[in-house]
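All chains, please: the whole structure from these sequences, using the hints.
Just so you know, the sequences run in chain order D and S.
Using the numbering used here, the first residue of the first sequence is number 32, and each one after it goes up by one.
Using the numbering used here, the first residue of the second sequence is number 32, and each one after it goes up by one.
No lab work stands behind these hints, which were simulated from the structure alone.
Small disclaimer: the values here were computed from a predicted structure and weren't measured.
Honestly, I wouldn't trust all of these hints.
To be verified - In silico lysine-lysine, DSS-like type, Cα no more than 30 Å apart, as pairs:
| no. | chain 1 | residue 1 | chain 2 | residue 2 |
| --- | --- | --- | --- | --- |
| 1 | S | K242 | D | K144 |
| 2 | S | K144 | D | K242 |
| 3 | S | K144 | D | K144 |
| 4 | D | K242 | D | K254 |
| 5 | S | K242 | S | K254 |
There are 2 protein chains.
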Amino acid sequence: MNEFGLIERFVACFDVAPSPAGPGDDCAVLPAQGPTCVTTDALVEDVHFTRATFSFEDIGHKALAVNLSDLAAMGARPTWFTVALGLPPDVGARELVRVGRGMSALARRHGAKLIGGNVTRSPQLTLTLTVCGALEGLPLLRSGAQPGDLIFVSGPLGEAAAGLAVTNPALRRAQRRPSPHLAFAARARPWVHAAIDVSDGLAQDLQHVCKASQVGAELDSSKVPVSARLLRAVGPRRALSFALRGGEDYVLLVTAPARHRERLTALGALEVGVISARAGLRMDGARLTGPLGFTHR
Amino acid sequence: MNEFGLIERFVACFDVAPSPAGPGDDCAVLPAQGPTCVTTDALVEDVHFTRATFSFEDIGHKALAVNLSDLAAMGARPTWFTVALGLPPDVGARELVRVGRGMSALARRHGAKLIGGNVTRSPQLTLTLTVCGALEGLPLLRSGAQPGDLIFVSGPLGEAAAGLAVTNPALRRAQRRPSPHLAFAARARPWVHAAIDVSDGLAQDLQHVCKASQVGAELDSSKVPVSARLLRAVGPRRALSFALRGGEDYVLLVTAPARHRERLTALGALEVGVISARAGLRMDGARLTGPLGFTHR
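Structure follows, in C-alpha cells:
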C-alpha cells in the first residue's frame, strides 16, 4: 500500500472534519481562534518505546498522551493536533490502524481533533505530534512560583520509570498508558501560581520551575507520594529514587499559596514541599546532587 | 552537551519572543488569531537527504522550505512554526547551530517565528516541522478547479529531481535549496480557482487537484517548462520526464479561468494545459499511465 492509501487508513480511525478543516489539502484551514497553547513532542522506536513492550495501540496512545500532558501543564483545553509518522517497511496498514485506534480513543476522550499529518519512510517507527489547546484565562507558567508556595503533585510518582526496570504488569502499564491530568488542571488552575508536567522526574521538573521562577525548593521525602504497589515491588528506597529521578509519570506539579492547601487537597493534589527564596533544590534539608532526572539525549 | 543545552544553542539562531510566547515552557502561548492554515512535514536522513550531498545549513533550509511551500499553496502568510529534532550521537551543538542558521535565514525572509520544539535522540537526523500561516480571505484549495480553467505552474520543473540523478551544481542546488513561492501565491490568489504545490511531480500533483475537483486535465508537453540548464544537462526527453514524474520542485500549480491568462502570465505563471470535464490525466491527447510521480514510501 502506498503513502496515500496508508494515510487514508490511518485518518479513518479518527473523527475528522472534511477537508480543508480536516486532512486532505496542502494545509488544514482553521477558523479564527482565541488564545491558544501549542506543543510538539516525538516518540521514537527504541528510544521511547520498543515493540517488545508496547503494543501498537500503546504507541498511539502514548504519543498523544505526552503532548496532552503539556497542554494540561498550561491549563489549556485540547482542540486540534497533527501527526507526522515515520514508518519502517514492516509497519503497514494493519499496524498503522492499531496505532490510530490507540490514539483516537484518547483523542475522543479529550476532545482533540486530528487536522492533518504526514507520512514518510523511516528506519524506525517515529511519531511526532503537534498539539494545540484553547486557553481560557491566563496560562499556568513555570515562572509563576513564589517563595512560601506549597508544592503539590497530582498523583503518585515513580511507577512509569519502575515499569522500565522491573517486571510488573501494573507498573508496565503506567509506562505505556500515561493519563494526561487535564481534568485536574482545569479544576486546580484558579488556585495555582505555577505548573509543569512531570515528564523527566520530580527533581528535574521542579528544578525547571525553580529556574524559571528564580526561587528554590525544599522537598520532604516522607511526603513524596509513591503507590503501595510500587513500594511492594521495589521497596521504599528505590521507590523514592524512581519518584525523584525517574520520568514519564505525566502527573502535574503545581505550586500554590498555603491558603489554598485544602482546596487543592480536595482536588487530589498531594503536597510534597515548599518553594523557598533560597536558590537550589533541597530534600529533608540537604542539597539534591547528581543527575536530577532523565534527559532525552 | 545535554538536551537542554542543545535546545538553547539551536533556539539562539532564531529571533524568538520571550517565553511563553516563544520556546521555554511546556507550550508556547499564542494570542487570538484569525483564520489560519496548518501543515506538518518531515525530513529524514537517508530518505530525503544525505549528509554527503546536503550541508547542515541546506538541511535546515529545506526542512522549513517544504512546509512554507504548503502555506503558499493555500495562499497563507507564514506566522509561526515548531521544530521537533531527532538527533543521532554525532550531531552535536556545532552541527545543530548550522541547521539552525540555514533554517533561520529562510524564516526571517518570510516572517515565520520559531515558537517551540523538541529534541530527542534518534538513530538518524530527523526534522519534523509544523508551520502555521495567516489566511486573509478564502484559502486556495485543491478542490476548486473547473472545466475550462487553464493550468499554470509558477516556475520551471524537473531540476530538483534531476539534481539527484546527475552531477550538476545548479541542479543539485535546486534539490537542496527550494524556494517557497509565497510571493507568487500572494499576488496570484485573487485570480485562481485551485492550487497545490508540486512536491511529488507535475503529473501526480495535478492528479490530486483533478481528484479533489472531480475533473480531468490535458497537458501540452511542448509547454511544460524546463530550464535551459536542465535541457543542456539531460536532453529534452529526460527533462520532460523529470518535470512530469520527478518531485521536489516546490513550484505552485494553479488553475484559473482563461480570462485571467494575461494577469497570471504577467506574474510569471507558465501555462501547461487545461482542465477538462472528462476524468483522467492526458498529455498531447494520450492518457498518462504508469507511476505518476514520487511517493514517500
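To see whether the hints hold, each was checked on the structure:
With a CA separation close to 25 Å, the supplied pair K242/S and K144/D stays within the 30 Å bound. Distance check on the hinted pair: K144/S and K242/D sit about 25 Å apart at the alpha-carbon level, within 30 Å; holds. Between K144/S and K144/D, the direct Cα distance comes to roughly 24 Å. Compliance with the 30 Å bound is thereby established for this hinted pair. Restraint check for K242/D and K254/D: satisfied, since their Cα atoms lie roughly 23 Å apart, inside the 30 Å limit.
For the given pair, K242/S sits about 23 Å from K254/S by alpha-carbon distance, which is consistent with the 30 Å threshold.
When each numbered hint is compared with the structure, no violation occurs for any of them.
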